[in-house]
Amino acid sequence: MAQLSGGNGWRYTRQGAAGIVFAIVLLPMVTVIWLSFFDDAVISFPPSGYGWRWYLNAWETHQFGRSFIVSVEVALASTVIGVMLGTAAAYGLERGKLPVSGAVQTLLLGPLAIPGVVLGTGLFILFVQIDNTIDLRVVGTLPGLIAAHTLLTVPWAVRLVSVSLHGVNRSIEEAAKNLGARPFTVFRRITLPMMRSGMIAASLFGFVQSFENLDLTLLLTGPGRSTLPVEMLNYLEFRVDPTLAAVAAVQIAIIGVLMLVTDRFVSLGRVVS
Amino acid sequence: MSGLTLQDLRRTYGPTVAVDHITLDVAEGELVALLGPSGCGKTTTLRMIAGFVPPTSGRVLIDGRDVTRVPPYARDTGMVFQGYALFPHMSVAANIGFGLEMRGVARHEREARITEALRLVRLEGLGERLPHQLSGGQQQRVALARALVVNPAVFLLDEPLSNLDARLRAEVRVEIRALQRRLGLTTVLVTHDQEEALTIADRLVVIDRGRVRQSGTPKEVYERPADLSVASFLGRCTLIKGTVETPGSFRAGRFLLPCEGGRPGDRRVLLLRPERVELAPKGPNDASALPDGFPGRVSVVTYLGGRTEWLVETDAGPVLASRNTPASDDVLQSLGSGDEVHLSWRREAGRLLEPEYEPMKEE
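These protein sequence lines are chains A and B, in that order. Going by this note's numbering, the letters in the first sequence line up with residues 2 to 274, in that order. Going by this note's numbering, the letters in the second sequence line up with residues 37 to 399, in that order.
Hint data in this document are derived by calculation from the structure and do not stem from the laboratory. Model, not experiment: these values are computed from the prediction. Hints are supplied without guarantee of correctness; some may be wrong.
[Unchecked claim] Taking beta-carbon pairs under 10 Å as the criterion, some of the chain A residues facing chain B (in silico): (1) 148; (2) 167; (3) 169; (4) 175; (5) 183; (6) 186; (7) 187; (8) 189; (9) 191; (10) 197.
[Unchecked claim] Calculated cross-link-like contacts (lysine to any residue; reagent style SDA-like; alpha-carbon spacing at most 25 Å): (11) 98(A) to 90(B); (12) 98(A) to 46(A); (13) 98(A) to 88(B).
Quick reminder that beta carbons are idealized off the backbone N, C-alpha and C, glycines included.
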């Protein structure tokens, strides 16, 4: 009996600890959503009332709408390009017999390790050089932003697709060959479907990475070609009111829905762990 | 029509020789088991037959046709992989039908043959399941059905039972053998499990370090092993060093032991299978002792359920004897560690082998 209650005690401790971790993770988000409904222009506790006012303000502030579209465009394009490149790289690294595959993999994961500001500065200088040398304007253009953000999506794709391929017994592909499938058929019918969960997860993470990125993007935007996080920072320079909280709450909702939808196709917990 | 032929097959990886001049004929409908310790080259041989590994030299012939340079997808082999290698994202039926689809078999015929194959491996009604929804034994049967349904000229099995628990293993083994017989499949099976090889094969090929050490029926290989390494790899045995004194008598230290013949003066190793060694307790007046027995003292009694083993210390070293577990009124029943016994065996049970000893390594 004593042992039994000891076991229960341990279980409650564990559940309590998990609860605290969840609270720490969720608290900022809950606070932001709560703030977004405050009626006052100057944030103060307790609020004098609640309302949708700042959501309306965000909607009417055109810079948010415009930059939201840019953000979605950049995130979609860089995700599609990044996942295609990253999947090809992961397939080559996992199945090819490259002698330097370890070094290549590290190189491809590099952008994850370099601070965004450093990467952004480097890209800015590179883009300016391109402009000077071949008279091609890159800074502040959509293709320039997409190229930069592809650096953010490729590592996720390489990592996640590699993981999903790595767990796959290579004899599965041999079995298909043994049954008469030519190499391309093996890839299309067997290998690609087995990479699918990794690719879907990589798309989600890549999209989120690109969508919320601020530091890398900061130097690379131009007039009318700014992303939502950069516009939010700009707004913050002049006004501190719950409009940003409202924009952030909308972002949280979008990403949350994206994750739920993705989770229906692949179990994210399984792919990422 | 001659099933499968391997001619002087050789495969090297840099300085390492994985398969060293293996020549083998598998008759139509015959089941040949390649047996050996891991890393002996048996799997490489199988993969050369399937076409996954190109041989360094030598030829592979299927039904008399040279397929050495033919890619795996154009060879007519059906392989069952060690981990089954089922397609995880396809239903059981789609797994089984994949080979038919690749061969361009029309849909309605495909469905009929899938149903037939499911019936053959007793998985009727499970066609819509995904592989991970099946038990290990069921997955194994799907792998069998998938390889069989295309009617391969050569059926290849790579350690097909190694992922199953002991009880299931015996069951599936019998099933594989029955299917293979019924369909008359020319089959090559690779295993490191001697029991599997002994019970399932028409012919055993013992391989070590890339070379064939002995080839013959399971009975021949077990009863008349070609050399010490085969003898000690296949089954349990006792080995005693000594010299042939006269034909039929073998000197080990101060004892003369019965043996199968031999030339006087030859240095040999005497091989004894435990089930051929008779054992009798040494009574107070020696009445029950065997006449020309060899004295020893029991050191370990191992109860194995249906069988019991006695390890007996003698002046010539430890000797292993085994018998069906004695009944409770049997004198052997009361034998315990430290008891004195007499050992004996028929002359023909004492096999003489060359003393060069090169043990097969289990890596």
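Tested hints:
A least Cβ separation of about 34 Å between residue 148(A) and chain B goes past the 10 Å threshold, and the interface hint is therefore violated. Contact between residue 167(A) and chain B, as hinted, is not supported at the beta carbon level, the nearest pair being about 14 Å apart and thus beyond 10 Å. Here the hint on residue 169(A) is kept, as its CB sits about 8 Å from the closest CB of chain B, short of 10 Å. Of the supplied interface hints, the one on residue 175(A) holds, with its beta-carbon coming within about 6 Å of a beta-carbon of chain B, less than 10 Å.
Hint status for residue 183(A) relative to chain B: holds, with the closest Cβ pair at about 5 Å, below 10 Å. With 10 Å as the threshold, the beta carbon of residue 186(A) comes within range of chain B, its nearest partner Cβ sitting at about 7 Å, so the hint holds. The beta carbon of residue 187(A) comes within 8 Å of a beta carbon in chain B, closer than 10 Å, and the hint placing it at the interface holds. Proximity of residue 189(A) to chain B is violated relative to the hint, the smallest CB-CB distance being about 12 Å (cut-off 10 Å).
The criterion of a C-beta within 10 Å of any C-beta in chain B is met by residue 191(A), whose closest approach is roughly 6 Å, and the hint holds. Given the 10 Å rule on beta carbons, the hint for residue 197(A) holds: about 8 Å separates it from the nearest Cβ of chain B. With a C-alpha separation of about 16 Å, the suggested pairing of residue 98(A) with residue 90(B) holds against the 25 Å cut-off. Note on residue 98(A) and residue 46(A): the hinted pairing is violated, with a Cα-Cα distance of about 62 Å set against a maximum of 25 Å.
Between the alpha carbons of residue 98(A) and residue 88(B) the distance comes to roughly 15 Å, so the proposed pair stays at or under 25 Å and holds.
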